[in-house]
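Undergrad: Here's the letter readout for the chains.
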Amino acid sequence: MAMDRASILQDVQQVLEEHLTIKDVAETTHLFRDLELDSIQQLTFVVELENHFKICFDEGDESGIQTIGDVVEAVSQRLGEA
Amino acid sequence: MIEARTLPECLEQAARSRFGVHFAERSGGDAFHGYSEIYERALVVASALRELGIEQGDRVAVAVPTSLDFYDSFFGVVLAGAVPVSLPLPRRFGPVDDYLCATGVMLSVCGVRLVLAGERNRKLLSRTDTELGTVCASELPRGVGTSARGAAVSSDALALVQFSSGTTQAPKAVALTHAQLLANVRAMLGAFLGSYPEGGGFEHRGVSWLPLYHDMGLVGSLLTALALPSPMALMSPELFIARPARWLQAISRHRASVSAAPHFAYSLCLDRIRDEELDGVDLSSWRMALDGAEAVTAPTLERFYERFRHYGLREEALTPVYGLAEAGLAVTFSDPKRRFRVECFEGRTIVSAGKPLRGFEIRIASHGTNRVGRVLVRGPSIMQGYLGAEVETRRVLVDGWLDTGDDGFIDDGELFLTGRDRDKVVLRGGNYAPELFEHALEGIAGVRAGGVVATSVVTDAGEELVVLVESRSPKPDAVKSISAVLSEKTGFVPHRVVLLDPGALPRTSSGKLRREEAARQFLGR
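Top line first, the protein sequences correspond to chains R and G. Going by the working numbering, the first residue of the first sequence is number 1, and it counts up by one from there. Going by the working numbering, the first residue of the second sequence is number 83, and it counts up by one from there.
Calculated directly from the structure, the hints in this document are not laboratory data. Quick reminder that beta carbons are idealized off the backbone N, C-alpha and C, glycines included. Take the hints with a grain of salt, since some may be wrong.
[Unchecked claim] Which chain R residues stay away from chain G? Per the calculated CB distances, all over 10 Å, these: (1) Ala-6; (2) Ser-7; (3) Ile-8; (4) Gln-10; (5) Asp-11; (6) Gln-13; (7) Gln-14; (8) Glu-17; (9) Ile-22; (10) Lys-23; (11) Asp-24; (12) Ala-26; (13) Thr-29; (14) Ile-55; (15) Leu-79; (16) Glu-81.
[Unchecked claim] Once the Cα atoms are required to be at most 25 Å apart in a straight line, the calculated SDA-like pairs of lysine to any residue come out as: (17) Lys-557(G) x Thr-28(R); (18) Lys-571(G) x Ile-65(R); (19) Lys-54(R) x His-104(G); (20) Lys-562(G) x Asp-70(R); (21) Lys-562(G) x His-577(G).
Bound conformation, chain R alone:
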């Protein structure tokens, strides 16, 4: 299922707001420096992204992800493979 970057970003924002009550993020928002996500929030975020986009990340796929922009990129790649 192809989705453009802007709609993916919008959906990522929606997942963050709905499940972690985090608002006002942009592509440049840093997951650790700005949001200080702990491992429970990180796991919740990944699982809910997978639920929302109906995708499955392999362990290690999310490694190196630092910003919301990186998340959008990773989701986009997975959607492209589906």
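Model the placement of chain G on the given structure of chain R, informed by the hints.
TA: Chain G only, in chain R's frame:
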């Protein structure tokens, strides 16, 4: 009670029962697999492993998420007469290189010949180095002729290796024999069933979301259900973390009587479950809500009861327990038919961890007439030792007594824990070496090299991370950048960051940090 002397015998006996395991699916349903099917599948994997060259006593790492695939892999290894080495799974978003480095040392310390992984982490674990590499149980060649039963193993043979806290360079690989492992399972089942003698209407039905590489998940939940045997429902830790209500819904749906979790899970339920998620949920079957693996605090238990009693939760079900991987798992259980007990100690309220399980003894090693001291444990499931770490083994195992590293006192036969082993940081039920957090801060601007102490403090919510950091002229955003680095590298955001002048942390004459003293000096305990 259980007669099986080894894990293969346990599975064989369970296969003759009508019971099995329900696996929770993401969509909300369950998939059921009977122990007879699980046994048959494991026999196929065992044959394939032998074909691959795995021999009796070989160590095979199992790094498989909660699924039928876990049973295939773990019991395939067991029925082949080999020894499963239970490997932690990587943290999502976590730094992969650190994970691979730590895993590599674990594999080498245990002399692992082969790694069994899940479909989603096979690629990652292929980057580790073992003689026979990394495979998924489902990919092993089939049709090589399945033997009719598992390998005959002695009850004194090594049954399982599980990891306790330890540094990346020196992991603590806890080695347990079949006899030791089953002695702990038997003691726990004795506590479950013994509390409700005939006519008490107690039937063991378990629900667990605990990671299966954690002793509380593997030994406390999976193996106790298998050994009895009794019905078990499993869900992945991810499902619970993302939607904590799924845990309570599962307890209700399966009419579970026993379900265990570290203390943080009870807090997480309070914070994250919305009332509308609990429509129709009935927790009255839950007789033992075992709570352990980290400090248990009374306010959380009280709040948990107040909130969920409207769904049938019994107050006496909240059962604080104490145990550690080095003891197989469980050491003490509080009385599951009575409200949890508390005592005041130096102005703090301490929750009783209960009495030793049958066959176990605890004693306090203290100076003079001091009633508080180091908690020592003796019993039939105390580990053989740490693999590849004789010095450390000799340090903690003296004359059959295990030095837990924790401090406490005994009152009316019940154990009260007053202080934690400062050589580990216990967070969310997991044991971590302080070095994990201390090293993560190396190289950060303003942080003095070798000038960090990581420890934990007990808050109402449970144990939380605190770092004491020596810093020369700290920048205004020093605390924020320390938090950010810990969040990224370890997944834990510190509850407090204490900035200190260079040289303020207490050290030994040889310059080694004295964590216990530092915690006392700067955190008032």
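Undergrad: Hint by hint, note whether the structure agrees.
TA: Taking the hints in turn, this is what the structure says about them:
| no. | hint | in the structure |
| --- | --- | --- |
| 1 | Ala-6 | holds (24 Å) |
| 2 | Ser-7 | holds (23 Å) |
| 3 | Ile-8 | holds (18 Å) |
| 4 | Gln-10 | holds (21 Å) |
| 5 | Asp-11 | holds (16 Å) |
| 6 | Gln-13 | holds (18 Å) |
| 7 | Gln-14 | holds (15 Å) |
| 8 | Glu-17 | holds (15 Å) |
| 9 | Ile-22 | holds (14 Å) |
| 10 | Lys-23 | holds (18 Å) |
| 11 | Asp-24 | holds (18 Å) |
| 12 | Ala-26 | holds (17 Å) |
| 13 | Thr-29 | holds (12 Å) |
| 14 | Ile-55 | holds (12 Å) |
| 15 | Leu-79 | holds (17 Å) |
| 16 | Glu-81 | holds (14 Å) |
| 17 | Lys-557(G) x Thr-28(R) | holds (24 Å) |
| 18 | Lys-571(G) x Ile-65(R) | holds (12 Å) |
| 19 | Lys-54(R) x His-104(G) | holds (23 Å) |
| 20 | Lys-562(G) x Asp-70(R) | holds (22 Å) |
| 21 | Lys-562(G) x His-577(G) | holds (12 Å) |
Hint compliance for this structure: every hint is met.
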